[in-house]
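Student: Each chain is listed here by its residues.
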Amino acid sequence: MTDAAVPGQSQAAAVWRRPRGWSNYVFVAPYLVAYVLLLVLPLFAGLALSLFKADLFGVERFVGLANFGRLFGDQLFLGTVLNTLYFVLLTVPALTISGLALALALNRQTRLAAVMRAIFFCSTVLSVTVVTLIWRMVLIPDGGMVATGLEAIGQAPIPFLNDTRLVMPAIALTTIWWCIGLPMVLFLAALQQVPRDLYEAAALDGAGWFKTLWRITLPSISRTFILVLIIEIILQFQLFGQPQLMTLGGPNNASRPIVLFIYETGFRRWDLGYAAAASQILFAMILVAAAAQYWVTRRKEGL
Amino acid sequence: MSGVDLLGVSKQYGKTKVIDGLSLHVQPHEFIVFLGPSGCGKSTLLRMIAGLETVDGGEIRIGGERVDHLPPGQRGVALVFQQYALYPHMTIRQNMAFGLENIGTAPDEIARRVDAAAESLEISALLDRKPGQLSGGQRQRVAIGRAIVKNPKVFLFDEPLSNLDAALRVRTRVELAQLHRRVASTMIFVTHDQVEAMTLADRIVVMNGGKVEQIGTPLEIYNRPATAFVAAFVGSPTINLLPVSVEAGVQGFARAKLSDGAAVETQVPMSQALQGEGVRLGARPEAIGISEADGSGLKGTAEVVERLGDRTSVHVRIGIGEMVVAEDSGTSRVRAGDVVTLTIDGSRTHLFDPSGQGYHSVVSDD
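One line per chain: the protein sequences are D and E, in this order. Each residue of the first sequence is one higher than the one before, counting from 1 in my numbering. Each residue of the second sequence is one higher than the one before, counting from 304 in my numbering.
The reader is advised that the hints may include incorrect statements.
[What the hints assert, rightly or not] A short, non-exhaustive set of chain D residues, derived as facing chain E with CB atoms under 8 Å: (1) 205; (2) 219; (3) 291; (4) 292.
In case anyone wonders, no lab produced these hints; they're calculated from the structure. Computed from a predicted model, the values in this text were never measured in an experiment. We treat Cβ as the ideally placed atom computed from N, Cα and C, and that holds for glycine.
All chains, full assembly: derive it from the sequences and hints.
Tutor: Below is the structure:
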């Protein structure tokens with residue numbers, strides 16, 4: 001088919017072809033530039049940095065995987081890995097389940113529910129400084145809220161933040177109180193997406209409260225369930241502010257997480273290459289945990 | 304077999320009464336259609352019978368047993384939703400089995416009923432798929448199947464055909480009629496489509512503004528509309544309603560006069576209520592003949608001619624400025640712009656008093 005034979009068609013084709021040229025890239029360029037400069041480059045720069053001995057004044061020499069080798073022999077670092085995993089186990093399931101429970105309880109059109117939703121979300125907007133201050137006042141043995149309560153019933157105060165066994169659960173509780181808003185709102189949004197028809201059909205099918213929850217509601221919000229789990233895994237692996245402000249990693253490193261280790265290594269001891277290597281390990285852990293979570297849940301759902 | 308009784312049922316949202324003291328007796332195995340414009344309360348009434356809306360006053364009985372305090376699942380009803388409301392994460396088989404599982408039906412009995420229903424609806428091949436993989440028509444069948452397996456005392460349909468394309472709608476309509484013959488259940492069907500109502504119903508309940516305008520067989524509704532609203536709502540093209548003044552005519556029948564003096568001799572018995580202002584003459588298009596010849600009758604100009612093949616609808620502007628739709632044969636030679644004469648068959652006319660109440664020609668019985 002020649003251009004001369006069907007001039008109208010070739011003209012139309014030319015109009016179609018034109019946008020496929022370089023001009024398309026102009027439109028995505030601003031985003032691509034920002035993405036490459038702010039995300040891709042730092043990612044590789046960090047990866048590269050982990051292979052060097054470096055401090056804040058510059059790169060000293062290439063050391064290959066020596067930083068990683070050191071990390072695996074560093075009892076302090078391995079302790080922070082265990083601490084972080086323990087913290088994630090304490091917080092992520094609890095946040096997900098209590099967020100869902102709150103959302104289920106508050107997913108109604110009453111004024112009380114609206115007020116409660118606002119109250120439960122409000123802790124989320126506080127900064128970590130305020131949150132840890134509040135919880136220190138709750139937890140300190142000397143005149144703290146819990147201690148006062150215990151004293152009233154004739155019990156000795158418990159030094160939550162100075163006990164190696166209690167410090168992580170105490171920080172986890174603080175974190176759950178702080179972070180419960182986001183999972184709750186995400187679940188609320190998901191619950192409101194479930195068509196009312198489905199509940200009515202279930203009611204006509206004689207399904208009771210629990211059956212409706214288990215067979216209708218939960219399957220309908222399974223995608224949000226996965227989303228909340230992954231978001232929380234990513235967030236809670238990066239625990240930093242709470243122990244930094246409440247315990248400085250103590251007592252006896254019992255509340256020292258990976259990010260605090262990275263911070264102290266990099267910005268206190270100026271061992272940037274070593275800190276970068278620890279960051280890569282954290283990155284890999286988050287990636288693996290989130291991917292595993294995603295994979296397991298998807299498989300179970302059979303989606 | 305169970306009938307349904309509504310005794311002075313009412314429902315209000317805030318101060319708005321959507322159903323106002325409505326009573327209705329539905330016979331066992333009857334096919335009842337609630338017909339009315341959107342917002343008339345027909346769906347609300349259906350949902351009250353289903354148990355999805357609370358009842359603010361009155362009683363609902365199914366098979367003589369009072370049910371308005373029972374949860375939906377214990378009323379022995381099945382509802383087919385307008386949007387089907389299939390469970391998206393369950394297979395078709397699971398969708399159909401869910402209701403039976405909940406009342407503890409034995410698994411082999413569930414399988415037997417699901418297979419039988421699937422076979423009768425020709426959806427056996429779809430049982431292992433999920434609703435998202437089905438077309439609209441197939442989903443509709445599944446929704447009906449989900450109702451059938453429960454073997455309910457009463458089937459409730461909430462505008463179930465409105466999401467289907469025209470051809471499928473007609474086919475499903477026929478299948479619903481066949482289903483009704485096959486099962487013993489009572490059926491209550493909500494629609495705003497008069498054709499569905501006319502073709503499916505044993506009796507039609509015409510509703511408007513939360514009240515029943517008329518309850519009757521399709522032909523009663525069509526031939527003896529109780530009110531001007533019913534007359535205008537049922538029938539296509541719409542009945543012609545012309546403002547007239549009424550005087551006593553021959554043999555005690557009413558004579559309707561248009562404002563330009565033209566008169567129609569009706570066969571509606573003269574009545575006190577028909578005197579005075581605000582009376583309207585009703586005549587369906589098929590009761591109005593049309594001719595090009597000069598003769599006695601209403602003169603007018605044909606403005607729009609709609610040729611439907613088997614018949615022709617002619618919209619005629621008459622002397623008093625009103626538009627009248629008359630029906631002519633499919634081979635009508637009337638063209639837009641022609642001056643025509645309309646003859647109204649007095650034996651097929653209706654008169655509506657100022658309150659809208661209908662009075663009918665004595666011979667217009669079905």
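Student: Identify whether the interface hint at residue 205/D stands, where standing means a beta carbon of chain E within less than 8 Å of its own.
Tutor: 4 Å, holds
Student: Hey, does the residue 291/D contact hint survive, CB to chain E under 8 Å?
Tutor: Given a least distance of 23 Å, the restraint on residue 291/D is violated.
Student: How about residue 219/D: closest beta carbon in chain E under 8 Å, or not?
Tutor: 4 Å, holds
Student: Against chain E, with CB atoms and a cut of 8 Å, does the hint on residue 292/D hold up?
Tutor: 23 Å, violated
Of the numbered hints stated above, those contradicted by the structure are hints 3 and 4, listed in ascending order.
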